[in-house]
Structure formats: C-alpha cells, structure tokens
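Protein chains in written order, with the working numbering: chain A, 1 to 151; chain B, 1 to 151; chain C, 1 to 151.
Note that these hints are calculated values from the structure, not bench results. Incorrect hints may have been included.
Stated by the list, open to error - Not everything, but these chain A residues come out facing chain C in the computed CB check (under 8 Å):
#1 R41
#2 N82
#3 I128
#4 I136
What the hints assert, rightly or not - Restraint ranges, calculated between C-beta atoms of paired labels, are given here:
#5 A:G104 <-> C:Y130: 45 to 51 Å
#6 B:S120 <-> C:G39: 50 to 56 Å
#7 C:P51 <-> B:G94: 27 to 33 Å
To be verified - Straight-line C-alpha distance at most 27 Å; calculated DSS-like pairs for lysine-lysine:
#8 B:K141 <-> C:K143
#9 B:K70 <-> B:K143
#10 A:K62 <-> B:K88
#11 C:K72 <-> A:K141
#12 C:K118 <-> B:K62
#13 A:K143 <-> C:K141
#14 A:K143 <-> C:K106
#15 A:K141 <-> C:K52
#16 B:K143 <-> C:K143
#17 B:K141 <-> C:K52
#18 B:K121 <-> A:K52
#19 C:K141 <-> B:K52
#20 A:K62 <-> A:K141
#21 C:K52 <-> B:K52
#22 B:K118 <-> A:K62
#23 A:K118 <-> C:K52
#24 B:K141 <-> A:K143
#25 B:K88 <-> A:K70
#26 C:K70 <-> A:K118
#27 B:K121 <-> A:K62
#28 C:K88 <-> B:K52
#29 B:K88 <-> A:K106
#30 A:K121 <-> C:K72
#31 A:K143 <-> C:K88
Using N, Cα and C, we set each Cβ at its ideal position, and we do this for glycine too.
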Amino acid sequence: MIGTHAKKSVISALGAVLLVAAGLFCLPPAAQSAGQHTGHRVVLQVSDDSPKTWNQALNVVKNIQQAYGKDKVRIEVVAFGNGIGMLKMDSEVGNRVGEALQSGAKVYACENTMRGRKLSKDDMLSSIGYVPAGVIEIINKQKQGWSVIRP
Amino acid sequence: MIGTHAKKSVISALGAVLLVAAGLFCLPPAAQSAGQHTGHRVVLQVSDDSPKTWNQALNVVKNIQQAYGKDKVRIEVVAFGNGIGMLKMDSEVGNRVGEALQSGAKVYACENTMRGRKLSKDDMLSSIGYVPAGVIEIINKQKQGWSVIRP
Amino acid sequence: MIGTHAKKSVISALGAVLLVAAGLFCLPPAAQSAGQHTGHRVVLQVSDDSPKTWNQALNVVKNIQQAYGKDKVRIEVVAFGNGIGMLKMDSEVGNRVGEALQSGAKVYACENTMRGRKLSKDDMLSSIGYVPAGVIEIINKQKQGWSVIRP
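Same shape as in the complex, but just chain A (with noise of 0.2 Å):
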C-alpha cells in the first residue's frame, strides 16, 4: 500500500508535469507562433482596381486605429492584382496612404503583381514595402492569428 502522503507527492509532481505539457500542446498555433501575446493584428487585402475600395480600406484603417488605439493595433494593408494602381505614384489616394503610413500601418505592394505589370519600385509610392507575393503574405498573417478583412 502506499501512504496517503506519498500518493499525494506523486499527484503533486505529476499536476506539475501535466501543466506544462499542457501549456506545450494546447496552445492556439497563433500564440505558438508569435510567442507572445502580441494585443490586435490586422491585414486588409486590397485587390480591386477601383478608388471607392482603395478609400474604403484607408477609412478601415483610421477606424480600427480609433477603436482599440494606435500603439494598440498592429495593421497591414497588402495590395495584389488589380489593387496594385492604389500603390502606384499617380494613386489618386497617394495622400492618404502616406497619412495611413504616418500613423503606424505598414503597407506591402505585392511584387509578384509588379512583375507581371512591368512595374519597378520607381513606379511606386515612396515609403510603401514590398512582399514577394501578396496572397501569401496574407495568408501567412492569418496563420499566424491576425484579423484578415477585405473593405
């Protein structure tokens, strides 16, 4: 028979080990990834050739700053295909997407869309960054637990 007291002793050691089995496990693939708790992350995907969408998701970008705060919110706005005129240096929302810039938010031309439009970065916004393909990059952000949303 074992003692009461020692049953206890291996209980004890094993809730121990069970705990931090458990925190290896069971954590969501986004904490895993990014290690941390890292507060909201956002992608807006821009994909359409028209100025009414390019503006929209510059509004979302202004709202969703002033929903959870500037320093609380990382964002991304990714552009590909059609949407790539929003990045273009005679974008009618040139403006704006420095403004969108200045405030924080990153914003990506996707240079697979580049290639396939003869576009070089000279063509492009100054100050704007660059992902090899803007379809992967967002759904490498959704795998690793951002919001993706498409205005």
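Fit chains B and C to the known structure of chain A by using the hints.
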C-alpha cells in the same frame, strides 16, 4: 514496490485530473469565449455599393439557413462603408432585408459609416440593429469562432 | 513510502498516458478532421461577375503553386452566385480554368446557384466538379483549417 492495485488507483486519480485539465486547457478559443458549443455561426460582410452584391448576400442568408436549418444557425449581416446603402430607407432590397430579419437573421449598420455620411437612424430601414464599427464587429465575431463570408 | 524507483515508474506510465491524451484532446480541429498534417490548403472564393476577378483568381492559383510547390498545396476554386459565369461553357477564361485543373487545382460550381439560374451541367465547362452549396463548402473548409481567400 507498489502493488499493481495501488499503482492503478494512482493512475485513475491522475487520469481524472488529466481529463479535467485537458478540458480546461485545450478547448478551442471559440468554445472558451462562448462558454459552450453554439452550433453554426456566420457573419456576412457587405461593403460594396452594388445591389447585385446585396441580393447575393441575401441569397447566401437563405442558402445557409436551408443547409443548416433556420434554428441551427446564427447569422449576422454587417453593412459598412459603401455597403451602407443596402440598409437605407430607399434601398432596392429593403423588402428582402425585412424577410431576412423575419427569418431570424440579425442585420446591423455601422454607426461610423453613418456618421461619415450624415445618416441618422431615421434614414435607415426599421428593425435593423446598429454597431459602433462594422469592421470591429466582424473582427470580434471571427475571434469568437464565427465564420466570416464576404459574399 | 514508495521507493524512488517505483515512483519513477508511475510517473513514466502517467507521462505516456499524458502524451497520448494530449494528442487526442489538443490537436487543432483542422488536424483532427484531416487525420494527419496535410500541408498548405487554400480555398479561393469567386462570387463576382467580372472576368477581371476571374483572371485574378486564376493568377492567384499560379502564385500559390509557385510559392509552395504544386505538389505541396491543395487548392480549391469555388464559384457561386455572380461568379458562376466563370465556369460556364462560354466563359472568357475557359482555357485558363482548364489549365488550372491540369495543374492539380480543383474547381467547383455551386449547384444552388445553377438551379437558381436554370443552368445544367451541360451548360458548364467539362472536368469541373460540383458542390451543393458554394458558401457551405467554403465555411466547411475554413473550419477544417484551410485558408480562405476571395481574390
């Protein structure tokens, strides 16, 4: 040496602890925040100014209700930005929005958008609901495990 | 008192139980329903009546296959509502749909939409597949862990 009998009783005690702990730690986030399993839940985003898209969203409401059974699915339609016209008094799909409400779907207009377009509740279809920011409503529901579709 | 040796053997037995149980309880829903890790899986929603969008969706198929490797990703294109024209016999992008099918992507038309528009399988491109309700297909795949993109 511990007898087989004693070993078994330690193992069963710990098995129980394990089951409870697994339940606490490993529920998916949706189930955790909802408190219990809640069946099918779908948010439909409407942010285009096209009556074609509005009709499509209302068709999707019907198709989802047919597939799951009206009583076994919660559906929210959230209109914001260029989609707000769907819910204005003079909307081309006003009757169908009424039918969707009758069928048990919730329909919400974005108050951010309304403020930006100087719309008051008097300008809107009766019986609809309101949310402070359509995009935040969609992000929140998605985090709670709802499916999000932009028809 | 239990000897150290005996305690260790209880702990290892329970460690094993723990690992198995953690495996059963804590796998994400996607992995559970798939039975095993299945690599990248992406559903593309097509619900616009614009050939520009159809071409964009087919570009996205290519870009995803290039990024992950054709053999390392499963892609489904699901057309419903206003997007059904993409898969009709007279579709402007019929050839490209054929190429996507050749490349290993699956392409499905929504039977709900077809019924609503009095389309039969004879009106559709050959070699495509069919789903009872496009939107339900997308919701189900998302629940199983697939990424959903609406290009």
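Status of each hint after checking the structure:
The beta carbon of R41 (chain A) is not positioned within 8 Å of any beta carbon in chain C (closest approach about 16 Å), and the interface hint is therefore violated. The closest approach between the C-beta of N82 (chain A) and any C-beta of chain C is roughly 6 Å, which is under the 8 Å cut-off, so the hint is satisfied. Interface restraint check for I128 (chain A): the shortest CB-CB distance to chain C comes to about 20 Å, outside 8 Å, so the restraint is violated. With a least beta-carbon distance of about 5 Å to chain C, the hint placing I136 (chain A) at the interface is held under the 8 Å criterion.
Restraint check, G104 (chain A) to Y130 (chain C): a C-beta distance of roughly 46 Å satisfies the suggested window 45 to 51 Å. Here the CB-CB span from S120 (chain B) to G39 (chain C) is close to 51 Å, well matched to the stated 50 to 56 Å. The given range of 27 to 33 Å is respected by P51 (chain C) and G94 (chain B), whose C-beta atoms sit roughly 31 Å from each other. Under the criterion of a C-alpha separation no larger than 27 Å, the hint pairing K141 (chain B) with K143 (chain C) is consistent with the structure, at around 14 Å.
Under the criterion of a C-alpha separation no larger than 27 Å, the hint pairing K70 (chain B) with K143 (chain B) is consistent with the structure, at around 23 Å. Note on K62 (chain A) and K88 (chain B): the hinted pairing holds, with a Cα-Cα distance of about 24 Å set against a maximum of 27 Å. Between K72 (chain C) and K141 (chain A) the CA atoms are separated by roughly 19 Å; this keeps the pair inside 27 Å, and the hint holds. Taking the CA atoms of K118 (chain C) and K62 (chain B), the gap is about 18 Å. The hint holds against a cut of 27 Å.
At most 27 Å may separate the alpha-carbon atoms for a hinted pair to count; K143 (chain A) and K141 (chain C) meet this at roughly 14 Å. As the CA atoms of K143 (chain A) and K106 (chain C) are separated by approximately 22 Å, the hinted pair is consistent with the 27 Å bound. For the given pair, K141 (chain A) sits about 26 Å from K52 (chain C) by alpha-carbon distance, which is consistent with the 27 Å threshold. Simply put, K143 (chain B) and K143 (chain C) have alpha-carbon atoms about 13 Å apart, close enough for the 27 Å limit, and the pair holds.
At roughly 31 Å between alpha-carbon atoms, K141 (chain B) and K52 (chain C) are farther apart than 27 Å, so this suggested pair is violated. Proposed proximity of K121 (chain B) and K52 (chain A) is supported: the alpha carbons are some 24 Å apart, at most 27 Å. Distance hint between K141 (chain C) and K52 (chain B) is fulfilled; the C-alpha atoms sit about 26 Å from each other, no more than 27 Å. With a C-alpha separation of about 20 Å, the suggested pairing of K62 (chain A) with K141 (chain A) holds against the 27 Å cut-off.
Between K52 (chain C) and K52 (chain B), the direct Cα distance comes to roughly 17 Å. Compliance with the 27 Å bound is thereby established for this hinted pair. As the CA atoms of K118 (chain B) and K62 (chain A) are separated by approximately 18 Å, the hinted pair is consistent with the 27 Å bound. Simply put, K118 (chain A) and K52 (chain C) have alpha-carbon atoms about 18 Å apart, close enough for the 27 Å limit, and the pair holds. Between K141 (chain B) and K143 (chain A) the alpha-carbon distance is near 17 Å, which keeps this suggested pair within the 27 Å criterion.
Pair hint K88 (chain B) plus K70 (chain A) does not hold up; C-alpha atoms about 31 Å apart against a cutoff of 27 Å. About 25 Å separates the Cα atoms of K70 (chain C) and K118 (chain A), which keeps this hinted pair within 27 Å; it holds. Of the pairs offered as hints, the one joining K121 (chain B) and K62 (chain A) holds, with about 23 Å between alpha carbons and a cut-off of 27 Å not exceeded. Among the hinted pairs, K88 (chain C) with K52 (chain B) is consistent with the structure: their alpha-carbon atoms are about 19 Å apart, no more than 27 Å.
Straight-line distance between C-alpha atoms of K88 (chain B) and K106 (chain A) comes to about 34 Å, which puts the hinted pair past the 27 Å bound. Distance check on the hinted pair: K121 (chain A) and K72 (chain C) sit about 31 Å apart at the alpha-carbon level, beyond 27 Å; violated. Between K143 (chain A) and K88 (chain C) the CA atoms are separated by roughly 33 Å; this puts the pair beyond 27 Å, and the hint is violated.
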